[in-house]
Every structure is written in C-alpha cells, then in structure tokens.
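Asks: One letter stands for each residue in the lines below.
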Amino acid sequence: MIRASPRFFTVRTVQASLRSYATAHTSKSEVDLPRQILERGLQLLPEHGWDLAPATRSLGLSDQAASIFPNGKFDLLQFYLQKQTAKLASVQLKSSTPDGCVRELVHARLLANAELGPYLGEAVSMLMSPKYLPYSLEQLHNLVDEIWFLAGDKGHDATWYTRRGSLAMIYAASESFMTRDNSPNFKHTLSFCDRQLNAWSRFEAAEESVSEWFKFNAIAAFNVAKSLTR
Amino acid sequence: MLRQSIKAVNNKSLKPAQRKYLEKVIRVDQAGELGADYIYMGQHFVFKQTLPKLAPLIRHMWDQEIHHHNTFDTIQTEGRIRPSVFTPVWKIAALGLGMGTALLGKEAAMACTEAVETVIGGHYNDQLRRLSKEFPETEEFVQLRKLISEFRDDELEHLETAIENDAKKAVPYMLLTEAIKNGCRGAIFLAERF
Chain A
1 MIRASPRFFT VRTVQASLRS YATAHTSKSE VDLPRQILER GLQLLPEHGW
51 DLAPATRSLG LSDQAASIFP NGKFDLLQFY LQKQTAKLAS VQLKSSTPDG
101 CVRELVHARL LANAELGPYL GEAVSMLMSP KYLPYSLEQL HNLVDEIWFL
151 AGDKGHDATW YTRRGSLAMI YAASESFMTR DNSPNFKHTL SFCDRQLNAW
201 SRFEAAEESV SEWFKFNAIA AFNVAKSLTR
Chain B
1001 MLRQSIKAVN NKSLKPAQRK YLEKVIRVDQ AGELGADYIY MGQHFVFKQT
1051 LPKLAPLIRH MWDQEIHHHN TFDTIQTEGR IRPSVFTPVW KIAALGLGMG
1101 TALLGKEAAM ACTEAVETVI GGHYNDQLRR LSKEFPETEE FVQLRKLISE
1151 FRDDELEHLE TAIENDAKKA VPYMLLTEAI KNGCRGAIFL AERF
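Order-wise, the sequence lines are chains A and B. The letter at position 223 of the first sequence is residue 223 when you use our numbering, and the numbering goes up by one with no holes. Add 1000 to a position in the second sequence, counting from 1, and you land on the number used in our numbering.
If you're looking for bench data, these hints aren't it; they were derived computationally from the structure. Owing to the predicted nature of the structure, the values given are computational and were not obtained by experimental measurement. Don't take every hint at face value.
No farther apart than 27 Å at their CA atoms in a straight line, the calculated lysine-lysine pairs in the DSSO-like style are these [said to hold, decoys possible]: (1) A:Lys83 <-> B:Lys1020; (2) B:Lys1091 <-> A:Lys154; (3) A:Lys83 <-> B:Lys1091; (4) B:Lys1024 <-> B:Lys1012; (5) B:Lys1015 <-> A:Lys83; (6) A:Lys131 <-> B:Lys1053; (7) B:Lys1012 <-> A:Lys87; (8) B:Lys1091 <-> B:Lys1106; (9) A:Lys83 <-> B:Lys1053; (10) A:Lys226 <-> B:Lys1053; (11) B:Lys1106 <-> B:Lys1024; (12) A:Lys226 <-> B:Lys1024.
Simulated restraints on C-beta separations [what the hints assert, rightly or not]: (13) B:Pro1016 <-> A:Ala199: 36 to 42 Å; (14) A:Ser191 <-> B:Leu1051: 57 to 63 Å; (15) A:Ser90 <-> B:Leu1051: 41 to 47 Å; (16) B:Pro1052 <-> A:Leu137: 51 to 57 Å; (17) A:Pro134 <-> B:Arg1130: 25 to 31 Å.
One-sided excerpt, in silico: chain A residues whose CB lies under 7 Å from chain B [to be verified]: (18) Lys154; (19) His156; (20) Asp157; (21) Ala158; (22) Trp160.
Even for Gly, the Cβ is constructed at its ideal location relative to N, Cα and C.
Sequences and hints are given; from them, build the entire structure.
Replies: This is the structure:
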C-alpha cells in the first residue's frame, strides 16, 4: 500500500503532463507540420523545383520527413495549384462581360506560372501522367469552376458543363503551349489562349442564335396553324 | 432565408458526407422545380387557347413554381453545385407532360398536378426529416428547413387545388396518376445521382 500510492501518483502526473503537453504545443504544430513543409517548399520552388527534401532540410528535419507525402513532388504541385486557384478571388476585374472576366482570370492564372520558370514543364508532365490524372482533372475542374464563378456565370443546364469543359481544354492547351514559349511576358501564350477563347465564344454565340431561330420558327408555325384553323 | 440557406450549403464545418447530401438535395430540388415550372408552362400554353377560364389559376401556380425554381437556381450557383446532367431531358419531358395532359382536358391536367405534387410533397418531407436529424440546429440550417417546408406547403396547396378542380374525375384516373407518379420517382432517382 505504501509503495503503491507514490507509483499511482507518478502515473497520474505523467498523464497530466502528457495531456497538457499534447494540447498546448505538439498537437497544433504536429497538425501543421505537413502544411509547414509545403509552404516552405513553395518558397524554395524557384530554386529547387518540386522536390520536398530541400524544404524539410531547411526546416531542420531529416530528408526522411518528406516521406509523409505519399506522392512526393506531386503533393507539392497539388498544394501549389490549390493556392493559385484560391488567389484568383483577389484579381481586380475590369471587364463588364463574363467573357471579358474569364479572359482576365485565365491570363492572370497563366502569368502566375511565370515564376515556375524551367519547372513548369515538369509540372505539366506530372499532371498528364496517367497515375495522377484523376487528381489533376479535379484540380483543373476546381480552377475552371472558380473562374466561371468569379466571372459571374449563371449556367443552370447543359451550358454549365459545356462552359467548364471547353475552358478546361483551352486552359490545359495554353499551359502546354507555355512550356515551349520563350517570348517576352509570354505574349505568344496569351495570344494563343485568346484565339481559342474567341473561337469558343463565336461557337457559343452561333449555337445560341440557332436555337433562337428554332424557337422563333416554332412559335411562328403555331400561329400560322392557328390562323388557318379559325 | 435565401442568404442563410446558401450559407448552410457552403458551411465549411460540414463533414464530406453531409455536404454530399446537401448537394444531392439542391440538385434534385432544382431539377424538380424546373420540371414543375415547365409542366405549368405547357398547361398554361394549352389552356390559354382551349379553356381561357382556367388559365389564371394555372398562372398563379406557375408563378409560385417560377419563384421556387429561381430560388434553387441561385442556391445552386452560389453553393457551387453542379446541376443535373439531364436538365435538357427534364425540360422536354416536363413541357411534354404539361401540354399532353392539358390537351387531354381539364381533369387530366389536374390529375397530373395531383400526382406530381403528391410525390414532390412526400420527397420534400423525406428531406426535411433527414435535415433535422443529421444536421446541426444552427440558424442557417433552421432557415434552410424553413425554406424547404415553405415550398412543400405551396406544393401541397397545389395538390388541394387540383383535387378541388375535379382531378379525381379524370379517366383513366388510376392509370394516369400512377404512371406520372412512377415517372416522377424515376426522375428523382436520376436527378439525385446525375
């Protein structure tokens, strides 16, 4: 009995200290550690590319720490894409039409890739690899959905799908074009992107006029039939 | 109420499964109100020619459905939820159903309303039950439930209007209403998922 009580006491204190330790410090920094590594990885991106080892090293961790990311480089790339998509909300839009807003937002997003320099090509090839394709398509969808939302799109039917689908294709094509573009300020990429966007809006306008024409003629035919039967 | 409902759908503290359920709710309700909107559009179009006396009544119900439809359209856009893939199909089917039953006559049109509103009212009730069971009791969810229950009450009012206007005298009543009810159930099944 005499022996048991101090032992009991120590166990309790250890538990109590563990608990306070866990809530006050570790749990928070432990939860944030992956994020810290990714943030540092983004800072080092222009020099070291998508590799995560330099980031863990500069945080004073061993290279092994990068293994908490099962997809390695691709996890950093995904984090980068999420951040870039979120940044679009702060772009100051000057256009009044949705099409103009879309153009501005796509340009802003493409020009943000400029800081990647030689690592853009690696990013594009990772995004296109079959292993990561489901994830990259999800990121691409989030990006174009954000762009159409910020541009004030109010599609409630098939246009919701066609607009997102075609913008995704245009964006992906422009980004691939960008990897081989050496023109100052990526002038060629932006004009390539504009050509695709113009072609798309011409197509959408044509499709709208055709359906308008059908609607008008259906009503006209009905009225002719009505006047003939009375 | 609309602002709060949008906040409820965009609530960041929801679990993924809860958010998924809300997406389903908004998608199917938007498709359903679109269908109702187009059914009354078709009926109104026909009755304006054949039974002008009935047109104002249809117009009144149609206006309520337009309001419901616009509300869910706004929630769908602001809540970042994809609309149903079959939206063009719902449009054509609903317009066809509205015009077809109106061409059969007043009783058939009212039987159509009765069948549709019975299924829709029951479906709204299922949603309300689950929304009150599995979601927090915060202001925004209370408001979302209030919005849906208000719409359900409108639909049930249409149901009563239809019965008062001889819906039960439609021939063949059973065949017509059961076929439409099953069509609605199938459409709900598809619109929730795709």
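Asks: So, against the hints stated earlier in the document, which numbers end up violated here?
Replies: 3, 6, 9, 11, 12 and 15
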